[in-house]
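Enquirer: Just so you know, the protein sequences line up as chains A and B, in that order.
1 is the number of the first residue of the first sequence in my numbering; add one for each residue after it.
136 is the number of the first residue of the second sequence in my numbering; add one for each residue after it.
Because the hints were derived from the structure by calculation, they are not lab data.
Every residue gets a Cβ at the ideal spot worked out from N, C-alpha and C, and that includes glycine.
A few of these clues could be false.
Part of the chain B face toward chain A, derived, beta carbon under 10 Å [to be verified]:
| # | residue |
| --- | --- |
| 1 | PRO200 |
| 2 | LEU291 |
| 3 | LEU322 |
| 4 | ALA425 |
| 5 | ALA426 |
| 6 | GLU429 |
| 7 | ARG431 |
| 8 | GLY486 |
| 9 | PRO619 |
| 10 | ALA621 |
| 11 | PHE623 |
| 12 | LEU626 |
| 13 | THR628 |
In the DSSO-like style, the derived pairs of lysine-lysine whose C-alpha atoms are separated by at most 27 Å in a straight line are [claimed, not checked]:
| # | chain 1 | residue 1 | chain 2 | residue 2 |
| --- | --- | --- | --- | --- |
| 14 | A | LYS26 | A | LYS91 |
| 15 | A | LYS26 | B | LYS288 |
| 16 | B | LYS288 | A | LYS91 |
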Amino acid sequence: MEWMAAVTVGGLAGLGLWMLLDRNLKRVVLGIGVLGNAINLGVFTAGRLAGNGAAFANVGAAAANPLPQALVLTAIVIGFGLFVFALALLKRTRELYGDRSTDAVSAVTEEPAPDWQAGQEEEEPGSEEQREPRP
Amino acid sequence: MNILLVAPVLVPLATLLLGILLRPRVRLVERLSIGGCSLLLLVGLALVWQAAGDVVLSGQLGGWPAPYGISLVIDRLSAAMVAISATIGLATVVYGVGHDCPPQVIRDFHLFVQGLLCGICGAFITADIFNLYVWFEVLLIASFALMALGGGKRHLAGTMSYMALNLFATLLFLLAAGLVYGTTGTLNMGDLALLVRAGETAPGTTAALSLMLLSFSIKAALFPVFGWLPATYHVPLMAVSALFAGLLTKVGVYALIRLVTLLWPEYGPAHEILLWIACATMLVGVLGAAAQSEVRRILSFHIVSQVGYMILGLALATPLALAGAVFYLIHHILVKANLFFIGGLAARICGSEHLAGMGGLYARHPGLALLFAIPALSLAGIPPLSGFWAKLLLVRASLESSVWWATAIALVTGIFTLLSMNKLWNEAFLKAHPQGEAALRTAGAHRCNWWSIAALALLTVAIGLGAGPVAEYASAAAAQLGDPQAYFHLLRTTEAR
């Protein structure tokens, strides 16, 4: 059982890392998801796999350790939140850039900062109509 | 359980929830956020006052016994970090009032700042590795949202890089936490420290702990893994940049200090490696800053170099060096956030963030020039400002440990810092504005901006002039780090029950 889990975790983590290094932004985001799941599984396995034992039932020595299950449940919930944020970010980035290459995205942060004229810093297409002068 | 123990988390959380309820009323959210930060500052001061009386607050969430339940410990270092975070939080939300953005951006800014403070304070008070991971995630998601605030092309591109690298570091941390639990069977820092100190750990533990230190190093922007910081910190809103510059890397530094002093109290191989990394971090950061020509990029590289000083103190591991690291931490958070505030204001008045497009500020705003000089000279370590005392402690500690080359690097880094501050001064303040005096926008500054900057500058001067009590507090904090009885006490009392 342990070796199967180990191979699965290793394979998934390798796949996740490989996708994380891709030029395509979509794959980077999916890679984060895959790597996150691999690591969740790894945390679960590290807490020792105990056959078919129930976590909380009072069955003596055969009970599984409930702590890793609690940890992984927490990590999964947090992972969902972050993954949803990453997807939303991906969607918005695609709308703004059109292409999906990571190079195009990092090139934008490398560009010199735009000169500011009267609060231009926050001005972006789509947000002008909601602007109101502040006292 | 003492209410003060959980107050650092509860106050920003309550402010956040109340703020969400009041969402449509932006002005009210703004005031609420300022009120919440003030209350958090009061909590922080109460904690410091308690800690200064050598009271260590500790407890178990939900009453579960120690190695299993979540432990909370507030010692001198934690108390000081909570207080200083609250100070920066308050300065940031006040500064944020002066931002000219759409109202909904302002509202979201205040809500996310509260979320960020909640995560940061949680990370400072927890004594449980997995709980630390949870707080890291809380502050991480808030920081992503703050980074993307405004939704412009630059913001989104910065968020993308920032998110990918920080998520990777956090996933490493989660994996390391799982492996540590697998090899030692415990997640409680005190319990783990007892096991590691007694040498009763499985062979894989060191590997798992190294992975954890690596992930903290990414968060703290240490030498080989600092690239994400200067690549992204110049992108978001000015107030957000300042908040990140002040607090985020310092959470990583705090976690490193906490873990290394708990697990390896004696000078050993871990400290040896940290010493080299610290020196490389100092040099690379300050040299990187010399190559930049935009205000926030220069300041971002300086964060990297300054983190090197704190890690130098941690690496030397003598009581004096640890005191120096704690003093440096306190001083640096105030000074760096203030420099970003001033840089933002200067850029807004000049209408450009490039040094080439700035100038003439000294003639028009001598007050701003003075307020810039205080944190800039403090950062470079000019007496009698706070940075001088912090560096003095570290230099003395490294001389006492007779690592003269580390001393030399620390001093050379100080000189380079002074040089690049001089460059900023000459370009942005002294020289005439390239488009003439008329290009300066006096309306660019809001009075709230001035308040934040002046308050932080005043604090820097106060720490510099009253260095005695602060140094005493820092050395007592270092003594507590060297002898973390509170962590072990928690285990003993709950086991006996």
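Enquirer: All hints are to be evaluated individually against the structure, with a verdict given for each.
Expert: These are the hints, each one checked on the structure:
Of the supplied interface hints, the one on B/PRO200 is violated, with its beta-carbon coming no nearer than about 13 Å to a beta-carbon of chain A, more than 10 Å. At about 5 Å, the closest approach between the beta carbon of B/LEU291 and any beta carbon in chain A falls short of 10 Å, and the interface hint on this residue holds. Taking 10 Å as the C-beta cut-off, the interface hint given for B/LEU322 holds, the closest approach to chain A being about 8 Å. The interface hint given for B/ALA425 is broken, as the beta carbon of that residue sits about 17 Å from the closest beta carbon of chain A, more than 10 Å.
Taking 10 Å as the C-beta contact cut-off toward chain A, the hint placing B/ALA426 at the interface is violated, the least distance being around 13 Å. For B/GLU429, the shortest C-beta to C-beta distance to chain A is roughly 6 Å, which falls under 10 Å, so the interface hint holds. Hint status for B/ARG431: holds, given a least beta-carbon distance of 8 Å to chain A, under 10 Å. Residue-level restraint check for B/GLY486 holds (minimum Cβ-Cβ distance to chain A is 5 Å; threshold 10 Å).
With 10 Å as the threshold, the beta carbon of B/PRO619 stays out of range of chain A, its nearest partner Cβ sitting at about 24 Å, so the hint is violated. For B/ALA621, the shortest C-beta to C-beta distance to chain A is roughly 23 Å, which exceeds 10 Å, and the interface hint is violated. Among the interface hints, the one on B/PHE623 is violated; its C-beta lies about 21 Å from the nearest C-beta in chain A, farther than the 10 Å criterion. Contact between B/LEU626 and chain A, as hinted, is not supported at the beta carbon level, the nearest pair being about 17 Å apart and thus beyond 10 Å.
With 10 Å as the threshold, the beta carbon of B/THR628 stays out of range of chain A, its nearest partner Cβ sitting at about 21 Å, so the hint is violated. For a cut-off of 27 Å, the pair hint linking A/LYS26 to A/LYS91 stands: about 9 Å separates their Cα positions. Taking the CA atoms of A/LYS26 and B/LYS288, the gap is near 17 Å; set against the 27 Å cutoff, the hint holds. Restraint check: the Cα-Cα separation between B/LYS288 and A/LYS91 comes to about 13 Å, which is no more than 27 Å; the hinted pair holds.
When each numbered hint is compared with the structure, violations occur for hints 1, 4, 5, 9, 10, 11, 12, 13.
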